[in-house]
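Let the hints inform the model, and build the full structure from the sequences given.
Listed in order, the protein sequences are those of chains A and B.
So the first sequence is numbered by the numbering used here: it starts at 1 and just counts up by one.
So the second sequence is numbered by the numbering used here: it starts at 1001 and just counts up by one.
Take these hints with a grain of salt, some might be off.
Unchecked claim - No more than 27 Å apart at the CA atoms, straight line, and that leaves these computed lysine-lysine pairs for DSSO-like:
| hint | chain 1 | residue 1 | chain 2 | residue 2 |
| --- | --- | --- | --- | --- |
| 1 | B | K1194 | A | K194 |
| 2 | B | K1320 | A | K294 |
| 3 | A | K294 | B | K1004 |
| 4 | A | K280 | B | K1280 |
| 5 | A | K88 | A | K15 |
| 6 | B | K1004 | A | K194 |
| 7 | A | K38 | A | K4 |
| 8 | A | K262 | B | K1106 |
| 9 | A | K29 | A | K101 |
| 10 | B | K1015 | A | K294 |
| 11 | A | K320 | B | K1262 |
| 12 | A | K268 | B | K1106 |
| 13 | A | K88 | A | K260 |
| 14 | B | K1262 | A | K294 |
| 15 | B | K1106 | B | K1029 |
| 16 | A | K294 | B | K1260 |
| 17 | B | K1320 | B | K1015 |
| 18 | A | K262 | B | K1320 |
| 19 | A | K260 | B | K1294 |
| 20 | B | K1320 | A | K260 |
| 21 | A | K320 | B | K1294 |
| 22 | B | K1268 | B | K1038 |
| 23 | B | K1294 | A | K4 |
| 24 | A | K268 | B | K1320 |
| 25 | B | K1294 | A | K15 |
| 26 | B | K1101 | A | K320 |
| 27 | B | K1194 | A | K4 |
| 28 | A | K29 | A | K106 |
Just so you know, the hints here were simulated from the structure itself, not pulled from any lab data.
Chain by chain, the residues:
2 protein chains.
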Amino acid sequence: MNDKAPWLTYRPELKVLDCTVRDGGLINKHQFDDAFVKAVYRTCAEAGLDYMEIGYKNSRDQFPSDEFGCWKYCDEEDMRRIVGDHDKSQLKLSAMADAGKSDWRKQIIPQSDSVLSMIRVAFYDHQLSEAIEMIHHAHEMGYEVCANLMAVTLVGETELDQVLESVRESPAGTMVIVDSFGHLFREQVDRLVKRYQEAMAGTGKDVGMHAHNNLQLAFANTIEAIILGVNRVDGTMFGMGRGAGNCHTELLVSFLRNPKFKLRPVLKLLQEQMLPMREKVEWGALVPFNITGKYNLHPRSAIEWRAGETPDDFVAFFDKIIADV
Amino acid sequence: MNDKAPWLTYRPELKVLDCTVRDGGLINKHQFDDAFVKAVYRTCAEAGLDYMEIGYKNSRDQFPSDEFGCWKYCDEEDMRRIVGDHDKSQLKLSAMADAGKSDWRKQIIPQSDSVLSMIRVAFYDHQLSEAIEMIHHAHEMGYEVCANLMAVTLVGETELDQVLESVRESPAGTMVIVDSFGHLFREQVDRLVKRYQEAMAGTGKDVGMHAHNNLQLAFANTIEAIILGVNRVDGTMFGMGRGAGNCHTELLVSFLRNPKFKLRPVLKLLQEQMLPMREKVEWGALVPFNITGKYNLHPRSAIEWRAGETPDDFVAFFDKIIADV
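See below:
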C-alpha cells in the first residue's frame, strides 16, 4: 500500500463484457424482442464496452424453440438481424456454450463465417473433459475462447487444481472465476484470484470475474478482482440476471477510469428498456437470494419461492432452507 | 494472506449498532409510530445486536415538534414508553447529537437518569471545537461517547489530521469513519481505516465504520473495515436510511460468525415492518443515488429529483449533475 491514488488511472488491457441478454435471458427463457436486443447492442457500442454476450449456443433438442427464444441458440441469421454489418474491430460479440447442453460441433461454425468473435465455454468440474474438447474446437474454428468453471464455491481444492491445470494447457485465452451462487466475499475472492493467476502464470492467459449479487457484493467483488489484476470483468445492465442478478454494468462503467467508457448511453438504456423489463420479470438482491447466497445454494429454491404464494414470507423461506441444509 | 479461513471465526469485541430509527428517520422526519420503534427495539434485542440508536438529541428550536417526530429529540419519557424497564447490560441504547443542531447542555442529562448508554457526536470538520466540548460533556454525564466526523470524503488531509489528533486527546471511546455520500470504495476504505487506527493507536479507542449504499458498496466497505480490524460497525434494517440507505443489518448479521447474532428475528422485522415502510418512503441504491455517490455529492439533489415529476429520467439527472459539477 502506498499513498498514491491508483484509482485515478486505468489499465488499457482491462476489458468489460456485458452479458445482459445471455444471463438475463435465464429469467425469461431468452424471449427478448428484437428492439430490446438492438438497444442493448447499440448501448454496449456507445458505452465503449469491449464485448457483448448475446446469448447461448445451446441445443434445440434440449431447449425446444417453441419454449425458448432465439438467444438460446444464437443462429447466425438471428444475430445478423440485430447487428447488421457488424464491425468486429470495435465491440466484439460473444456467445456461451454449456458443456452437456450444446451441439457445439454443429453450432460453433468457423469464426470467419460468424459475427461472433468469442466463445465462452461454461462447465461444471465433472464436465472438464468435454469442456476441453469444446475449447479446442472453438479455438480451431478461429475464436477467442474463455473457460468458465461454474459454481466455483462448490468445487473442491483438488478438483480446482485439476481444472486449472487442464485449462492452462488448453488454447483458452481466459479462465473466469464464476461465483454462480453469489456466495463469495472479499477474502475468498482474493484467494481465488491468486490461485487462478498462479495457475495461468507465464502463459499470457487472462483471469476473469463473473459475480452474482446475492449478498450485494457483485460490484465489490469485481472491484476486488480488478485491484488484484483481473482484466476481464462481466456486468449486466441494471444487474439483470438470474436470481439476484449480476454486477451492474452501469456501476462498472461509472467506476472505471478508461475515458473510452461512457455512462450516459447506459443510463438511457436503463430508463428506456431496463425499468420496463424489471416490471415484467424479477431479479435483484432480494432477501431470499441473500439467504441462498449465504448458504452457498443454487438460487432455484428462492426463485420458486418468489413465484409462490408467499413470496415475502422471508422467515418461512429461511426455516425451509435451514431444515434442508 | 495465509491459507486458513479466518472468516469461520469471530472477534468477540466486534460490536454491531443498528441505527434504523436514527438514520431512517431522516427520510420521514422521524415520524415513526410506536409500534414500529418497539418492533425495531425488540428485534435488535432478539438478534443479539450490541447497540440500537433510537434517534437524535437535536434542538426543538431548529426542528419544531409540529413538523418532526419525537425521535428527533429522544426525550426520556418517549424512550421509556418504548423500552420500559430497559436492561442496559444487554442491548445498549444510543442517541446522536449534531454539532450546531443540538441543545446538548440541556438535552444530554446524566446517564444514570437515562435509558441511554451512549452518545454519538456528529460533526463536520469546521465544527470540531463544539464537537470536542460535546464529547467532554457527554463523557462527564457518564456516557460512552463516539466521535462521528461526517462526510469524510470532503475533508482535506490536513483537516483530517487535526480532527484525529483532537479526538485522540478527547474522552471519546470510538472514532467513526462516516461515508455520508456513499463515495468510498475498497482502496480508499483501506487508507482511511489505517489512518484512523494509527491516529488512535495506544489509546484503547476503537475505530468504527458507517457506510452508505450509493454504489452498492456499504456492506462490502463494512466487511473491508472489519477485515482490517474495525470493531464498531453500523447497519440499518433493510438498509433504511437517507438516500441510498445504509449497510443492511440483515447482511451484517448473516455474515458475522459470533453465534450470539440471530438472523431470524431480523427477517421477521423485514417482512412485517420494513416492506410496508418501503411502500411509504423511498430509499435504496437507485440510479440517481449511484450518480451522487460517484461524484461525491450530498444526496439531496437526487432526493429532490426522485420527488419531482420525472424521477426515472436518469439521463436528465445525469446531465444536470454534470452541468453543475
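Evaluation of the provided hints:
no.	hint	in the structure
1	K1194/B <-> K194/A	holds (24 Å)
2	K1320/B <-> K294/A	violated (39 Å)
3	K294/A <-> K1004/B	holds (19 Å)
4	K280/A <-> K1280/B	holds (22 Å)
5	K88/A <-> K15/A	holds (15 Å)
6	K1004/B <-> K194/A	holds (14 Å)
7	K38/A <-> K4/A	violated (41 Å)
8	K262/A <-> K1106/B	violated (53 Å)
9	K29/A <-> K101/A	holds (15 Å)
10	K1015/B <-> K294/A	holds (21 Å)
11	K320/A <-> K1262/B	holds (16 Å)
12	K268/A <-> K1106/B	violated (52 Å)
13	K88/A <-> K260/A	holds (17 Å)
14	K1262/B <-> K294/A	holds (14 Å)
15	K1106/B <-> K1029/B	holds (22 Å)
16	K294/A <-> K1260/B	holds (17 Å)
17	K1320/B <-> K1015/B	violated (41 Å)
18	K262/A <-> K1320/B	holds (16 Å)
19	K260/A <-> K1294/B	holds (17 Å)
20	K1320/B <-> K260/A	holds (21 Å)
21	K320/A <-> K1294/B	violated (39 Å)
22	K1268/B <-> K1038/B	holds (14 Å)
23	K1294/B <-> K4/A	holds (19 Å)
24	K268/A <-> K1320/B	holds (14 Å)
25	K1294/B <-> K15/A	holds (21 Å)
26	K1101/B <-> K320/A	violated (48 Å)
27	K1194/B <-> K4/A	holds (14 Å)
28	K29/A <-> K106/A	holds (22 Å)
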